[in-house]
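Enquirer: Start from chain A and add chain B according to the hints.
Here is what each chain is made of, one letter per residue.
2 protein chains.
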Amino acid sequence: MEFGFLQDLVVPEQTKIAMIVMDGLGGLPLEPGGKTELESAHKPNLDALAAQSILGLADPVGPGISPGSGPGHLGIFGYDPTRFTIGRGVLEALGIDFELGPNDVAARGNFCSVDAAGSLTDRRAGRIPTELNRELVEILRTIELPGVQVFVETVKDYRFVLVLRGEGLGDALSETDPQRLGVPALPVNAQSRDSEKSAALVNEFIAQARRLLADKHPANMILLRGFAKHPAMPTYKEVFGLNAAAIAVYPMYRGLAKLLGMKTLSVPGEAISDEFTVLEKNWNDFDFFYLHVKKTDSAGEDGDFARKAHVIEELDAQLPRLLALKPDVVVVGSDHSTPALLKSHSWHPVPIMLYSRHCRADNIAEYGERACARGGLGRLRSKDLMPIALANALRLTKFGA
Amino acid sequence: MEFGFLQDLVVPEQTKIAMIVMDGLGGLPLEPGGKTELESAHKPNLDALAAQSILGLADPVGPGISPGSGPGHLGIFGYDPTRFTIGRGVLEALGIDFELGPNDVAARGNFCSVDAAGSLTDRRAGRIPTELNRELVEILRTIELPGVQVFVETVKDYRFVLVLRGEGLGDALSETDPQRLGVPALPVNAQSRDSEKSAALVNEFIAQARRLLADKHPANMILLRGFAKHPAMPTYKEVFGLNAAAIAVYPMYRGLAKLLGMKTLSVPGEAISDEFTVLEKNWNDFDFFYLHVKKTDSAGEDGDFARKAHVIEELDAQLPRLLALKPDVVVVGSDHSTPALLKSHSWHPVPIMLYSRHCRADNIAEYGERACARGGLGRLRSKDLMPIALANALRLTKFGA
Chain A
1 MEFGFLQDLV VPEQTKIAMI VMDGLGGLPL EPGGKTELES AHKPNLDALA AQSILGLADP
61 VGPGISPGSG PGHLGIFGYD PTRFTIGRGV LEALGIDFEL GPNDVAARGN FCSVDAAGSL
121 TDRRAGRIPT ELNRELVEIL RTIELPGVQV FVETVKDYRF VLVLRGEGLG DALSETDPQR
181 LGVPALPVNA QSRDSEKSAA LVNEFIAQAR RLLADKHPAN MILLRGFAKH PAMPTYKEVF
241 GLNAAAIAVY PMYRGLAKLL GMKTLSVPGE AISDEFTVLE KNWNDFDFFY LHVKKTDSAG
301 EDGDFARKAH VIEELDAQLP RLLALKPDVV VVGSDHSTPA LLKSHSWHPV PIMLYSRHCR
361 ADNIAEYGER ACARGGLGRL RSKDLMPIAL ANALRLTKFG A
Chain B
1 MEFGFLQDLV VPEQTKIAMI VMDGLGGLPL EPGGKTELES AHKPNLDALA AQSILGLADP
61 VGPGISPGSG PGHLGIFGYD PTRFTIGRGV LEALGIDFEL GPNDVAARGN FCSVDAAGSL
121 TDRRAGRIPT ELNRELVEIL RTIELPGVQV FVETVKDYRF VLVLRGEGLG DALSETDPQR
181 LGVPALPVNA QSRDSEKSAA LVNEFIAQAR RLLADKHPAN MILLRGFAKH PAMPTYKEVF
241 GLNAAAIAVY PMYRGLAKLL GMKTLSVPGE AISDEFTVLE KNWNDFDFFY LHVKKTDSAG
301 EDGDFARKAH VIEELDAQLP RLLALKPDVV VVGSDHSTPA LLKSHSWHPV PIMLYSRHCR
361 ADNIAEYGER ACARGGLGRL RSKDLMPIAL ANALRLTKFG A
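Residue numbers (our numbering), protein chains in the order written: chain A, 1 to 401; chain B, 1 to 401.
For reference, chain A alone in the conformation it holds in the complex (with noise of 0.2 Å):
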């Protein structure tokens, strides 16, 4: 539904929702016939919620799209990805935990290899290793440009976050990345009129990042792109009625809940029962909480169809220590795919269970992709768990007489 619809039928109640999002969890068998990796664990607890739970699979943007983890994030958290974007720039800065303000532009930047007539002969400066990446930075740093505050940020490797801060600067700016070699960088083009002072600015650093990296073969040059503003979000809060929390360990999930209106819980140390730990201590004071585990992803990212069952195992594990807080509403789901057998985020849907009080459970007692296939939440779209979810801990009025 529309977000003004929503707000409309909100009332306050004192239900708790919790939110567990392992990340890229649905999966795929490595061979036809076989069980993916959540079907492979075991998993004694999710199946036991599963069988007084409701089951469907969710697609995170629309049926054949592989999101990113902004987009997968959104949907699950309600907020239809395809009219909510985060910028490429927006995503980079919140990974390494930079606290972007309202008039900031961020771009994600890569060191590159050009040659003599500045032509590209890397695109990622023979990914070179993050300490010389800062050593760069530091050197980056010293660009002054007039009437703007100026930030450089290593990232990783080759790929560094530049960042204006000033008043009156748009961010509708085309990117220098020609994406293949032997041209030179582009210079940055205005979009709309409200952009050129931007454009002005950074091709002015780019200008000078050239004049200081001139002896640094092989990162003798720079790439800009994904250049974007902290987008205007409507808060949970404000949407939802609902006073959130975020335990994530990863800088990047942080800043995706913080752009949310999320308050998020610092969390001593990485491990999974570290954030259960997080949300008993915290379970008092908010009345949703997301969960986020990240580590099911980087297994699938690695093509680790085995650590990635464990991941769900250990995340089974400690489900019980959620379910003695007596929530009202648990849902169990995930931003995307990312089945160790393609090594990559993936357009199908994910697993989801829904359990409540009132959930009218379809008495599939499995949490897999295929058991949440038959389940009576059928096949729906993210966005639309949040208000399922809403109304299950009863915090949604009737609409109309």
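Hints are not guaranteed to be accurate.
Same chains, same label: a pair holds when it works inside one copy or across any pair of copies.
Claimed, not checked - Calculated cross-link-like contacts (lysine-lysine; reagent style BS3-like; alpha-carbon spacing at most 30 Å):
#1 35 / 216
#2 35 / 343
#3 343 / 326
#4 398 / 343
#5 281 / 343
#6 281 / 216
#7 263 / 237
#8 156 / 263
#9 229 / 398
These are computed hints drawn from the structure, not numbers from a lab.
Expert: Only chain B this time, still in chain A's reference frame:
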């Protein structure tokens, strides 16, 4: 589909469609792992029809949305309830069989109590009995307003309907109910230019009502809300090419059907069997029949699981009378769920079955919520059922060459 799209595909045919709407049919088990009202009912005829039908679960408005009777019915009638809305004043007037004209503005009225300073002390005037309501309505009927006819009609307890009939009356009017005690009723404000005349008239009505009711404590004042005109709805004939009849006992449902241009047939009695008698008698004269069963909803609202199951059994016993008429398409469904467990309308999708010679039956020999979750219709919006029913009635031609 959009109506314009569908209208272009409608072709004349002699086939007949019967739609049985069991109000509030969808339910929940009382105990985890148990059966719903529908699943518990002994209903051999519905189950036998299910075996020849295609099943599914329909969201009347959207996932997570609990619909009122108006939106719920519009959905199963094929109208998008988020696009076509019916004001509360109109629904209230329909509910007492008041014949609304195209120039009428209707409002829902409450008798209320105010203190000497005019501040509200009870928004429902101590829930006065209907008999007293009738006496007070007679008093309000003495009010005359310049250039318009005034109708005041008792609904029940403290509720009445006010209708102004005349030229140039807009319905963009604010409500007088401040929704809290200790403050006076609000004046009516016009929210658009063409509603200024209405606003002035309604404020004059309120001023006179205040004087007339001054010594009638506890019902010494009125509140008005939900100002609305008869919405201009495309009719069943226009949209679907159907000559439609409605068989319903309760006024509101007859009124809803009338809004869509259905002919409302009078029912001599309140039993489900009376409705089937009307169906038989009028079978040759229409090609679409809407047959409404109210008491499933009433039982659900009362939290009476067993009585709701019993109403379903009553309907089941009558079903052979419809099948004997050899309908081409039968739709059995509902406007929304009203689980006895929740004692209210709920967000749960409604079980649907659609029978025709060409329906591609899914060979599930049970009509129930969880059976429908496995059905070939999948999970859909209620508004999508009518095109499927028309197609099964061979009343839609091919789209495109």
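Enquirer: Output the indices of the hints that this structure fails to meet, ascending.
Expert: Those not satisfied are hints 1, 5, 6.
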